[in-house]
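Chemist: Residue strings, one per chain:
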Amino acid sequence: MNWESWDAFWRMGGYGGYVWGAYGVFALAILVEIISLRARSRAARRR
Amino acid sequence: MNAIPRPAIHWFHFSSPPEFFRLTGILAPIAFSVAAVLGAIGLYLAFFVVPTDAVQGDAYRIIFIHVPTAWMAMFIYAVMAFWAGMGVVFNTRMSAVMALGLAPTGASMAFLSLWTGALWGRPSWGTYWDWDIRMTSTLILLFLYLGFIALHGAIDDIRRADRAAGILALVGVVNLPIIYFSVIWWNSLHQGPSITATKAPTIATPMLVAMLVMVFAVWLYCIGAALTRARALVLEREREAEWVRDLAGSAR
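Chains A and B, in that order, give the protein sequences.
For the first sequence, the residue numbers in the working numbering are 3 to 49.
For the second sequence, the residue numbers in the working numbering are 9 to 260.
What the hints contain is simulated information worked out from the structure, not anything from laboratory work.
By construction, the Cβ of each residue, glycine as well, lies at the ideal position given by its N, Cα and C atoms.
Incorrect hints may have been included.
One-sided and incomplete, this derived list gives chain A residues near chain B with beta-carbon spacing under 7 Å [unchecked claim]: (1) Ser7; (2) Met14; (3) Tyr20; (4) Gly26; (5) Val27; (6) Leu30; (7) Ala31; (8) Glu35; (9) Ala41; (10) Arg42; (11) Ala46.
DEER-style ranges, computed between Cβ atoms [unchecked claim]: (12) A:Arg48 x B:Val181: 34 to 40 Å; (13) B:Val217 x A:Phe11: 19 to 25 Å; (14) B:Ala158 x A:Val27: 20 to 26 Å; (15) A:Asp9 x B:Gly161: 43 to 49 Å; (16) A:Asp9 x B:Pro209: 31 to 37 Å; (17) B:Ser24 x A:Gly19: 35 to 41 Å; (18) A:Val27 x B:Phe98: 47 to 53 Å; (19) A:Val27 x B:Thr60: 32 to 38 Å; (20) B:Trp193 x A:Ala29: 33 to 39 Å; (21) B:Phe151 x A:Asn4: 26 to 32 Å.
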């Protein structure tokens, strides 16, 4: 186990802003793509 | 005259829109499911199994999304250009749909590789950005994806749009070896590749395993996303076809 506490996990040894900034935008990009794909597929089926 | 041998697999069979739609309807959910499982395993390894780096601290954990997105940005472009080329040469309908289905996912991967690279570059090199060949050529890759999408969208006639964008995609292929070899050909701020086909990897084994799991997760996600987009494109394009009307009639 790498982390003594959840707080240490979020701090990422002082690099929390960089690490979570990278992973956060990565997750967001995937989420936005999935949502927009779902909307597009639904619209294409309805017509 | 009948000397042409019949191929074992009838590839052109899947270039018929209903067959394409049926096959990808099976493949896309499988790709997404495997991606989700691998992603969960990969993230667990990346954060809870692989130890903190002695030199870079925990900032290096960005590698587990930086490398997969950077690889996919290049790889998707190659696949997109392949389908674009097939569409230009054979005029097969599903080829252009595949190219167009891949482009936004490729653009997303190119953006993410730049974004994660910037956030890793700051703590490790002291700068978010440098006009170095690898970074600049990856930025050009992003613009090629966006240019492909924009050019296709700017032409009303779909056949002509497929053709024009397809040719742009093919021309852009020259950028790929520049990205790939940039860190070898030029003295760059960016490090050399950690993994090559010919030499032993220069990163520790647990890290390598976590990274490869993430690579496959992102790869399968990209397959799922591109196929799902291609399916929507098929329906949009074949709106007047009977099989699409039947599909809409079955109210799913």
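Chemist: Given Ser7 (chain A) as an interface hint, is the shortest Cβ-Cβ distance to chain B below 7 Å?
Modeler: Violated, because the Cβ-Cβ distance from Ser7 (chain A) to chain B comes to roughly 13 Å (cut-off 7 Å).
Chemist: When you take the CB atoms of Ala158 (chain B) and Val27 (chain A), is the distance between them in 20 to 26 Å?
Modeler: Taking Cβ atoms as reference, Ala158 (chain B) and Val27 (chain A) lie about 23 Å apart, which means the hint holds.
Chemist: Taking the beta carbons of Trp193 (chain B) and Ala29 (chain A), is their distance inside 33 to 39 Å?
Modeler: Because 34 Å falls inside the window, the suggested range holds.
Chemist: Quick check on the hint: Leu30 (chain A) CB to chain B CB, less than 7 Å?
Modeler: Result: violated, 10 Å to nearest chain B Cβ.
Chemist: Report holds or violated for the interface hint on Ala31 (chain A), using the least CB-CB distance to chain B and a cut-off of 7 Å.
Modeler: 5 Å, holds
Chemist: Grab the minimum C-beta distance from Met14 (chain A) to chain B and call the hint holds if it beats 7 Å, violated otherwise.
Modeler: 4 Å, holds
Chemist: Go ahead and decide if the range 31 to 37 Å is satisfied by the Cβ distance of Asp9 (chain A) to Pro209 (chain B).
Modeler: With Cβ atoms ~33 Å apart, the hint holds.
Chemist: Any CB of chain B closer than 7 Å to the CB of Glu35 (chain A)?
Modeler: Holds: closest Cβ of chain B sits about 6 Å from Glu35 (chain A), inside 7 Å.
Chemist: Given a hint of 35 to 41 Å, does the C-beta separation of Ser24 (chain B) and Gly19 (chain A) actually sit inside it?
Modeler: 51 Å, violated
Chemist: Given Tyr20 (chain A) was flagged as interface, is its beta-carbon under 7 Å from a beta-carbon of chain B?
Modeler: Status holds, d = 5 Å.
Chemist: Is the distance from the Cβ of Val217 (chain B) to the Cβ of Phe11 (chain A) consistent with 19 to 25 Å?
Modeler: 21 Å, holds
Chemist: Please test the hint of 43 to 49 Å on the beta carbon pair from Asp9 (chain A) and Gly161 (chain B).
Modeler: 47 Å, holds
Violated hints, in rising order: 1, 4, 6, 9, 17, 18, 19, 21; the structure is consistent with all others.
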